[in-house]
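**Q** These protein sequence lines are chains P and B, in that order.
First residue of the first sequence? That's 0 in numbering that gives the first Met the number 0, and the numbers climb one at a time after it.
First residue of the second sequence? That's 0 in numbering that gives the first Met the number 0, and the numbers climb one at a time after it.
Source of the hints: derived by calculation from the structure; they are not laboratory data.
If a hint is listed, it holds; no wrong ones were tucked in.
Restraint ranges, calculated between C-beta atoms of paired labels, are given here:
| hint | chain 1 | residue 1 | chain 2 | residue 2 | range |
| --- | --- | --- | --- | --- | --- |
| 1 | B | Glu185 | P | Val197 | 52 to 62 Å |
| 2 | B | Thr119 | P | Asp15 | 25 to 35 Å |
| 3 | P | Arg301 | B | His198 | 32 to 42 Å |
| 4 | B | Met136 | P | Leu23 | 24 to 34 Å |
| 5 | B | Thr64 | P | Asn190 | 26 to 36 Å |
Beta carbons: idealized from backbone N, C-alpha and C, even for Gly.
Spelled out from the first residue to the last, the chains are:
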Amino acid sequence: MQFWALIVDSFRESRDRKIFWVMLIIELFVAAAMFCVSFEPGRVDFLFGLWTIKTDSFTALSGLAHDKIAAIAVTGVLDLVMGWIGVALAIVATAGFFPSLLERGGVDVVLAKPISRAGLFLGKYVGSMVFVLFHAVFFIFLTFLIIGFRWGTWLPGYLLCIPLLVILFSYVYCISAWAGVRFRSAAVAINISIGAWVIFAGIQGVGDLFDAFPDWKKNRWAYHTSSVARWVVPKTHDVTYLAGKWSGAAVSTALVPKMDEADRSTMDRAGEAELERMNLNPLYTIGSSLLFEAVIVAFAIRRFSRTDY
Amino acid sequence: MVALTEMTNWAVDLIDVRKNYPRNIQALRGVNIQVGRGEIFGLLGPNGAGKTTLVKIMMTVVRPTHALGTILGRPLGHRGKLARIGYLPENHRFPGYLKGLQLLDYYAALAKVPRATRRTRGPMLLEQLGLSQWGDMRIDKYSKGMMQRLGIAQALMNDPEMVVLDEPTDGLDPVGRRDVRQLFLELRRAGKTVFLNSHLLSELEMVCDRVAILVEGLVARQGTLSELTEHTVEFRITFSGDVLPIKNKLVDMQAAVDGDLIVLSGHDATKVNAVIDLLRKQGLTIESVQPHRFSLEDILVEAMGGPQSQNQERKGVARGNRDLQRPV
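With the rest of the complex left out, here is chain P (with noise of 0.2 Å):
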């Protein structure tokens, strides 16, 4: 009852911000830019019909250019929501919501309520998660069902972005809450969770140089510092390329084998270190994540029980 009344709560709360409804209008837009589009055989129309393109790549939309339409849904599509400006938009949404349940006089009245404070936080934490899932499934099932009445292409995979997208947004939004927490301030928590995301991305580029030039781990003191640092960080890019990889994305190694020499031949190193990166273990890359999620919020929770208000 009290978990529940404090995600309805958050939910309200979010409600509330000019940035919820902002985020559902661009959701909306890239839907209906995406309505516009439609894959007939030997072209591609735009605003239904106004202007197309003509090309063979989806001529009978055959097995490779169902993969191609995933590629394009996903990079298109999942890179702007699971990217920066989706992940970044939830982020500035949910900044404040520590902060404010933190504000002297509010503070008070919950603190005093028969609940525990490691239950408050979580109940809080993880009504922010609801506030991502409901703009995850509005956003990726209205993009599904475009994708399958309009492109003509089925892709049930692409519903994993779902749970996925939450889970990105947690790895990131897990510094955000300690920060609230510690700092009671949106602003500090949105400056510092964005500049983690930074450092994670910047530290799993790194480990990418480190595969795509293998002369460079003869630094054996700079390419062990980057494994465990790479293997400490949430892995963001990695979700992604696991969303990539489960909506059967063009880009999958499933469809490595029908790419013709030539595309093969101009397959660069930082693309052979991506095919590597499509294999990897799910059970790792969130695993390894959540912990350090875990690891954040045992941390969060032990200073919100610790502070007078």
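Please build the complex by placing chain B on the supplied structure of chain P, with the hints as guidance.
**A** Below, chain B without anything else, positioned relative to chain P:
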């Protein structure tokens, strides 16, 4: 056995509550307070005395450096018992995105009040506090007084055994204050304990059965209003004529002379008669004799002059209480 019964009758029994903040700031220096079940208790003291800190410790918002005692028969800090306590903090700030009824429902759900009860009790309390027309209005549209009444309503949503209210009449107009005072009396009639923290002494004086005066982190005075004022009566005698020849005699009789006014501390009427006899003997005209009982404000001002530590005296009681608590 008598002591055991007395102990369990305390709604609040705080023993040696201390709170130190960094940089050696001692907000509470060993507070001992007892509040009987079903009584209206007032906590008063000057700014910075530690009243709000003490209330927050009772409500688990602030962690004490050291504390013993019980609230509603459970150790201080027992979270489960908070379901039976209602609390209104000072300068509360409720989320502006909620409507009146939503706010009551939210806080009541956190207090583990069943949904069916919440649905009936919310409108009833809004009606009782004059907010029945405002239940579906966002609370960022509420005036300060309405917000205060809503705050009191949320404190009562769980039908508590005890309500702890920090400055409950803050922001209310005179009619609102009277209504809230009536509410306190109704709660007492219903057997609830009301713990008030207020700097409005006249408000406390009108409703409280017992009060404690907190000064610099210590309880300077504690008891019923009559207990506190029992020894704080003085007689004021006004007269006309020259008092100078008998001034030394009056001083010997512990009377203070100030122009044509003589102030005699205490409630011993025989002393008053002696002074009157002396004045008459001197041929002075007595114009009036008025007994004057100290107000709560007088007691507070006097208490602020020098709080007395009760630690040594209370520690013995604390040990006794701990022994008695085991079988309970």
